[in-house]
Amino acid sequence: METVCAIEMRNITKRFGSVTANDHINFRLNRGEILALLGENGSGKTTLMNMLSGIYFPDEGEIFVNGKPVSIRSPKDAYDNGIGMIHQHYKLVDVFTAAENIVLGLHESGRLDIKAVNEKVRAICEKYGFDIDPTQKIYDMSVSQKQTVEIVKVLYRGADILILDEPTAVLTPQETEKLFSILRSMKADGKAIVIITHKLHEVMELSDRVAVLRKGASIGTVATCETSPQALTDMMVGHAVTLNIQRPQYEHPEKRLELQGITCFDAEGVKKLDDVSFTAMGGEILGIAGIAGSGQKELLEAIAGLYPVASGSIRYSPAGREPSDLVGKTPMQIKKAGVAMAFVPEDRLGMGLVGSMGMTGNMMLRSWRKGKGAFVNSRDPNELARQVWKELDVVTPSTEFPVRRMSGGNVQKVLVGREIASAPSVLMTAYAVRGLDINTSYTIYNLLTEQKMKGVAVIFVGEDLDVLLELCDRILVLCGGKVSGVVDGRTASKEEIGLLMTRVGGKEAE
Amino acid sequence: MNPETKTPLVRLAKREAMEPWKAWCIRIGSILLALVLGGLLIAALGKNPLAAYGTILDGSLGRASALRQTAKIAIPLLGTALAIAPCFKMRFWNIGAEGQITAGAIAASYFALFWVDKVPSALLLVIMGLSGALAGGLWALIPAFFKARWNTNETLFTLMMNYIIIGVVRWLQGGPWEGRPGSQIIPQFDSAACLPKVFGVHCGWIIVLILVVFIYIYMRYTKHGYEIAVIGDSVNTARYAGMNVGRVIMRTMFLSGAISGLVGFIVASGADNTLHDGVAAGVGFTAITVAWLAQLNPFAMIAISGMLAILSKGADTLHTRMDVPASISDIITGMLLFCMLGCEFFINYRLIFRGGKSSPEAPDGKEAVKHA
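Heads up: the protein sequence lines correspond to chains V and R, in order.
The working numbering puts the first residue of the first sequence at 27, with every later residue one more than the last.
The working numbering puts the first residue of the second sequence at 110, with every later residue one more than the last.
It is possible that part of the hints are untrue.
Residues from chain V that keep clear of chain R, each with C-beta distances beyond 12 Å, as calculated [claimed, not checked]:
#	residue
1	ASP120
2	LEU138
3	SER339
4	ASP514
5	ARG516
Derived BS3-like pairs: lysine-lysine, alpha-carbon spacing no greater than 25 Å straight-line [as the list claims (entries may be wrong)]:
#	chain 1	residue 1	chain 2	residue 2
6	R	LYS332	V	LYS361
7	V	LYS102	R	LYS123
8	R	LYS332	V	LYS398
9	V	LYS508	V	LYS355
10	V	LYS396	R	LYS198
11	V	LYS396	R	LYS332
12	V	LYS355	R	LYS256
13	V	LYS241	V	LYS225
14	V	LYS362	V	LYS480
Note that these hints are calculated values from the structure, not bench results.
In this text, a Cβ means the ideal position worked out from N, Cα and C, and glycines have one as well.
Using the sequences plus the hints, can you model the full thing?
See below:
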């Protein structure tokens, strides 16, 4: 088949301050193909695509659409060239209907005929097999439906070049499968599709060609049928890494944390956790899986004393001492009761760290109250900061450099390093490796396993099922604030967990 | 460059941290720019700008008496800027310093008017100072309590509190504390209730300079200061670290109000020697500018409040000696503030113009060959 070039980018460079996000990148996309743009986090994938969608303007280089040089200065220019991007974070107005969101920002002359819009939206949906109702409000929609609206929005504007930024991050395996079949039918329709991802199995399953970026430079483009996950990983990381996570067995696991019927409501009175019961053992990593927003955040915060618990009990049994109930205690009371709990929250800079302070100030967050008198002791935190800096290879000019200006991986190292240094008996982490490259992720996995082998009860909230299955001893699945199942990490399959995530397994579907 | 591809005329790019000396060059440059603009304005009025600036400096710093007047203007500005600094660091927008000053002045005035015969002068002044601080602190505690308990909007709350307390002073002036009936004026304090002078200026200047050091240490080295900084950055992080956010808010507001109250005492006892409804005279608002321009650094606040005092005092002289309207000085002050705040933008961002260095010209052509 003859290939027709849809987009060509030549020598594209984009710098942010002293950081070069894209360094003389050449990129080519053909009509009627799905191209996977693969790279670790921070390798410049999204930046490159944002220059096609009019969010950024390149510092150097040229862009050709259908062989003609173009200048894309705004999202409108992008649409005029038939380019549409579906961003990782959806940009929809909650109180509008699907159709209203789709026409939002279009400058069509005359009155807005919403009925005609609804019809046109329905026609697009039928053509590609989308399942949305144009008159439904966004706040009533599931994450996958919102994504569909974003895709239809782009198609409605006549885009024939689609860019999807990590579209599967928030989808269940079943929803992912559906999305893939839609993308394939669009491909058959002659559209050019770029999918940004760092999930290898999706690349292998879906794409025709793979373009790999590493540290802002293009490493190469290969045909998917001629490559393998291992080869792609090597291109992505630069050297071969083994995909195996070590999972040693701890000899004497003992009961550490026992939750009984925990129920929580948010400020609006919506039930966030519904009768959650489980036991976390010392010497084991308990994984928590679930679609984003199934109550993971609330669960960890409730244990840490940061989220109000309406009913239920959280019994903490320290090694060789009387158990105590943590419900109704503030974080300080929990600490004073002798509970050595470490918590790596999802929102690193918004909850776990102080962005404007350096490593020293952030180490102090755990020890600021220590010592008599009115003054803080900054010597010990500074020593700890230096220790973490050295042991975890944090890249920072000094211990006083604001953590907000560090890269995501280093920020996480500071946070995890501090929490582990507190010698916890319970260690909770939420999305500990989100946004981290493979090497840093493995550093974190090893640190967690090390803690487990010290007899710590580790609770690991994760989103990548492959990782959960390789790292965790047991996996608890949450769905809509309820426990939909607990499976053995060594024997369970991904499909099994995927079904539990949508509560199809055993119980009736929603 | 291809004729069909056009880059935007001006683009913004965020800078990496600028070297401090460069940043200071920009800041000094912005002050010079404001002075040039102000000079053009004076020239437009048919006066000699250089002579006018000379008059401002001479009128505010030239003679000992002028210098003392300038110091008197700077003292409450500096004191109040110090008072609001901890609140602003905590991102609690206390714009009620005006009222807290007034509350402090009322309490101090009570003892000045009615206890003057009961205790010796030194003790009276101590009582006045303490009661002023306590009153200012309690007055500030009200919005802080509502914020901590029900998360009310502190900006509106503190602002409204100003008008209430100024109303109270008006009532005292015309009612219970009125001196000669019908005068609407509270009598002058007995000399025993007035702050003694050191180097010809009431000793309030010593108090505020001590406060500069105190606030600097408090914010930088104490547990309280650490709590304030963490809360200012992220309330959730503070909760995560086990801080009692509500209590810190109330404690910090009490401290802030107490310092403002102390300033109220200094103004009433040291400068005005009486109480009137204009005791705060807008200082509570100007101090916000001082605190921001100094980026909450107590030592920088000395310079900023001094500069504003020089302009303010110099304007009076300009008016009397050169017949330049006093409002011109306000305009120059406004330009100065505009340029100084505006220059922070250029410290944080740089502008890239079309056809500038980074457009794809010759050197990239070579690069392209290398890559091909």
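Run the structure past the numbered hints and jot down the numbers of the failing ones, going up.
none
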